[in-house]
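Line by line, the protein sequences are chains A and B.
Reminder that position 215 of the first sequence reads as 215 in this note's numbering, one-by-one numbering, no gaps.
Reminder that position 155 of the second sequence reads as 155 in this note's numbering, one-by-one numbering, no gaps.
No incorrect hints appear here.
Below, in silico cross-link-like pairs of lysine to any residue (SDA-like), each with a Cα-Cα straight-line distance of 25 Å or less:
{"id": "1", "chain 1": "A", "residue 1": "Lys333", "chain 2": "A", "residue 2": "Pro234"}
{"id": "2", "chain 1": "A", "residue 1": "Lys333", "chain 2": "B", "residue 2": "Leu99"}
{"id": "3", "chain 1": "A", "residue 1": "Lys78", "chain 2": "A", "residue 2": "Ile57"}
{"id": "4", "chain 1": "A", "residue 1": "Lys420", "chain 2": "A", "residue 2": "Leu316"}
{"id": "5", "chain 1": "A", "residue 1": "Lys325", "chain 2": "B", "residue 2": "Asn12"}
{"id": "6", "chain 1": "B", "residue 1": "Lys111", "chain 2": "A", "residue 2": "Gln320"}
{"id": "7", "chain 1": "A", "residue 1": "Lys325", "chain 2": "B", "residue 2": "Val20"}
{"id": "8", "chain 1": "B", "residue 1": "Lys7", "chain 2": "A", "residue 2": "Asp322"}
{"id": "9", "chain 1": "B", "residue 1": "Lys32", "chain 2": "B", "residue 2": "Glu55"}
{"id": "10", "chain 1": "A", "residue 1": "Lys177", "chain 2": "A", "residue 2": "Ala192"}
{"id": "11", "chain 1": "A", "residue 1": "Lys333", "chain 2": "B", "residue 2": "Lys136"}
{"id": "12", "chain 1": "A", "residue 1": "Lys325", "chain 2": "B", "residue 2": "Ser97"}
{"id": "13", "chain 1": "B", "residue 1": "Lys160", "chain 2": "B", "residue 2": "Gly60"}
Label pairs and their in silico Cβ distance ranges:
{"id": "14", "chain 1": "B", "residue 1": "Glu29", "chain 2": "A", "residue 2": "Lys177", "range": "43 to 49 Å"}
{"id": "15", "chain 1": "B", "residue 1": "Gly66", "chain 2": "A", "residue 2": "Lys418", "range": "43 to 49 Å"}
{"id": "16", "chain 1": "B", "residue 1": "Lys116", "chain 2": "A", "residue 2": "Val250", "range": "35 to 41 Å"}
{"id": "17", "chain 1": "B", "residue 1": "Asp25", "chain 2": "A", "residue 2": "Asn246", "range": "28 to 34 Å"}
{"id": "18", "chain 1": "B", "residue 1": "Ala170", "chain 2": "A", "residue 2": "Asn87", "range": "47 to 53 Å"}
{"id": "19", "chain 1": "A", "residue 1": "Leu182", "chain 2": "B", "residue 2": "Lys225", "range": "57 to 63 Å"}
Partner residues are not named here, just some residues of chain A that face chain B (Cβ under 10 Å, in silico):
{"id": "20", "residue": "Gly319"}
{"id": "21", "residue": "Tyr321"}
{"id": "22", "residue": "Ala323"}
{"id": "23", "residue": "Leu327"}
{"id": "24", "residue": "Phe337"}
{"id": "25", "residue": "Val338"}
{"id": "26", "residue": "Pro341"}
Hints in this document: simulated from the structure, not taken from any laboratory.
The C-beta atom is built at its ideal place from N, Cα and C for all residues, glycine as well.
Here's the letter readout for the chains.
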Amino acid sequence: MKNISFFQIQSKSPLTNMYMGSTLLSIAIFDVFVSSFLSVNITSFLPQNISTFLPLIIGFIGLGILRMEYTGIRLLDKVNKNINTNNFNAFLTLLIIFVVIKATPPALSWMILDANISGDSKEACTGTGACWTYIKVWFRRFMYGMYPNELHWRINSAFILVIALGFVGYFFKENLKKYLALYYVVIYPIIAFLIIYYLISGGSFGLVWVETGAWGGLSLTFIVSFFCLIFCFPLGMVLALGRRSNLPAVRYISVGYIEFWRGVPLITVLFMSSVMFPMFLPEDFFMDKLVRVIIAITLFEAAYCAEVIRGGLQALPRGQYDAAKSLGMGYWKMHIFVILPQALKLVIPGIANTFLALVKDTPLIFVVGLAEIAGMLALAKTNPKWLGFAMEGYIFAAIIFWIICYAMSKYSYNLENKYKTER
Amino acid sequence: MSDPIIKIENMNKWFGDFQVLKNIDLSVEKNKKIVVCGPSGSGKSTLIRCINRLEEHQEGTIIVDGTELSENTKNIEAIRAEVGMVFQQFNLFPHLSILDNCTLAPIWVKKMPKAKAEELALEHLERVQISDQAQKFPGQLSGGQQQRCAIARALCMEPKIMLFDEPTSALDPEMIKEVLDAMVNLAKAGMTMIVVTHEMGFAKEVADEVIFMDEGMIVERAETKTFFANPKSDRTKLFLSQIL
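In isolation and in its complexed conformation, chain B is listed as follows (with noise of 0.2 Å):
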């Protein structure tokens, strides 16, 4: 196998005196799809946020793509334009319109030409079937319909990581899954990801690997088919038999 793109050793992380997340360790190796699931409060979206450094942690070692994230990375800029990012509440950029906001980044952070950035920015947007919305200002689109721009505007800078925190916890249900056809044809593409979320149907289609935390810890990772079907920790066996 192939080095792993995500490396966490022994990770800690304290929100002042309380810890978040308690010795981490995880690696994800290029193009599997990693599902993290757990109920609220057990860290997992810190963990996520800890990959592209939107959080510090206090102990351990985070290494994403051969770098080594700490309070000495010059270039933490770079590593986050490779770890697209898609939020629980969109975050677009409201004062943009929908192609702005998927080409501001590419023409400012990496330099591409305008002509070039809206093309592949088009490109996206036809990927998750919201081109014909390009000209619109966030504020008008749907929930779902913001989502799935979401996606596209982190698609634009390329990256070699997709990170999703909890991306359709925000939606009505009936946007849920225009969103998660979004994520799962991305999946499909061979993407890397790391999707924080609640719809284990997602799970049980795309996912690799699933992991499941508790209060900060890493409970169980396991195969998608065997965390499913023979959950080894009781914890573990307590949240499917609820979530199910």
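Just chain A, same shape as in the assembly (with noise of 0.2 Å):
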């Protein structure tokens, strides 16, 4: 069959063809670049609309004559495989170019060029771009809620310690490998629980007592998905071997607590847990409203965790059961030795998807009263002083919650590749 191009230009050498494709198509963009960077038309001598479609015309001609033919250089063969095989596909490319070029000079003046960062208060903002002294002003609240300043080495510390006995593991010696699993399913989080409890909220040591209503941004959300994430893993382990069970007690606990958990909307959860819980507990029992939301995230995240991890299960072939079994392990040992180890390598894409959400689930402690970074935002543009910066604001936290993300899902790419075995 033909080439089914409808621009039918014959031509003897590939390289003509190449020089006059990339001509116009250097044309086109040119037209755009300069159109939208310095608003200067150049085929303004044309009708509006004729003008306007110009440069989507003659790319889309320059792109069809370059994959006429196959010219030996590897870089164009490569583009002409990769983003300009059909019409069709060459009308995709040409049009995400243009978008592209479009839409960068007002993101980069309004960001960048005419944005604002000198000053203290609103009056530095004189510019039509952004006002990140917003962001700088407030970043300490964004950073650590309504904790007050001086304390806020408090929270640094706690972190770094946190995450300093997080690495211990990897120091550990040959023969305490073995108790690896448990450092970090049970020794770790409650290491991780004193050391917040007694350095973040004080009130021994000599350490003034911060309630944690004042516990905000950023820091509440690390403390918060910390957490959710090492508390709900296990329990999902648990659920998910809980519903594959023998024993049909156990099965139908399991499926009823994960099609319940399933079934209701974290948001309802967190008002259950702040509102209607404390009514069914006697009056001299006091909970901890921060506590509470980490044990509902936690109950929430778990049922969810469950199901990636019984996909993990269901994944392996029975032989790998059956020869646990044959060589006498029992329940535990098959899972502990044969099972779980390949189940979970198997849903790690399952798991950090899982956990992914549940860092993006964590602004809606707000509906609670808790600030954490998305929290604080929604009363920083509040405030009569710094009205109408909600913008910057809320760029400042998609960028700050894509890097944690991107973290996590990268650390993830990892492990899967530490864990990569043939089968």
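Each chain sits in its own coordinate frame; assemble them with the hints.
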């Protein structure tokens, strides 16, 4: 079949095509570039609607000519193969290039060129661009919430300690390796809790008590995500095993649990935890709101984790169970040494997915009055001195969340590669 | 003669409404090598899977080494530890090295010290001639090597009985011999073996008795020579004429 381009330009040498095609394409891109960056319309002598669509048409013809023949030039052939295979693809490619070029100047000028970062009040923001001064002035609030300024070192040092303890596992000696899971599932969360409790909450060792209502900002995001992640995973694992158990009672309880928590929206769970739950408790029993929220999110996400892990368990061939049983392993040994290591490896992408969703669900705790980073933004934008900077705030928060989530997904790719074995 | 190490009486098993095993009576004495053959779907695999209770039977009794297998059996793990099994699909643990595959159960089930377990594993791997592959992972080995490793893994538990469930059916013809050689060596060392296989050459060489099964019943059980020379039932004759 012949080339299905409707511009049947016949030529002797493939290079002629290449020169012609790239010239046309360059003209098209140049036109869009000049018109969007310098606001000069070089085709203004034409009627307006033709002038608008002219670069698209010229570029389209250019790409059409470019892909007419195999040139032997590596880069060009690669481009042709990937983004210029037929008329439709060429059209989409052009459209995307033009949209990017058109969108760059306004974005650039708003975010950087016309933006302000100097000064420390609203009056410093005179330009038409973004007011990064707002972020600068409020930075500590976004990071630490209403936590007293002079005590921020307590949050910082608590986080450094917790992170450092997280790396301790790497330095375990060979004979301690078998306690690694125990360390991360039981000991580490307890130590982390104690550190955060005594250092950030204070109240003893001569540290001033800071109630959890004052906690906030990014540090609260971290605290909530951290505890929810480390608790929901083991709980999900137990539920996944429970759902596949042979014991009817265990199985029905697990199924009931999972279906219940998957069926209710997180926001209602949070409301329940903060408003309804205290009503059911004896009067002298007090549980902090933050703790209640962490428990609620943990229970909620555990149901999702459980289903992801169950997927991994079901993907394992029955032979693995048979082999483990035939070697005399009981239920727990079989699962700990044979089934779970393989199943968890299979579900790393799914678990990463659930965890990312969890981190991005944490802003919902704003509904019960806990202001993590997005919550702080919502508070800050209603401050009468700083009205009208919601955009800057949300972009800032988006960037922070993106960094956190991208780091997590990178880490999950690393894990996947690390534990990849041939089957 | 000594007491039978495996004694099955009047055993029936159903999968749903379908009866896979009908009135099985079988006793196996210590150190005997039994080959079970028959057309596919005749219940051979199910029979030997019942012996270490990977499948549960509904009627009759199975006694393995003096312990009856039933729903109330408390220490089913202890019995399984004494009954080694080799599967058609090898079923090695892909996330563990060959050595770890072999030492896992001795260390965690038999509570053997690690050094001793490794020594034992290397000894058995040597026996099946793959001790040089000990550090590799199952995915890096050929089918024949994997199956020999599976035999070594079962042997590391020092079982009294070895069950083989079509150990060569998933292998290339070239690799069948190396696995059969390992099994012949094992037989000569005096292991009690029940082997489900279509390798009649192996049966002739090592089996004391051959059992022929069809449609969930034991049709014929005879000494190896008698079985091949004068089969009694017509069904056996037909089967042998097709397979030989």
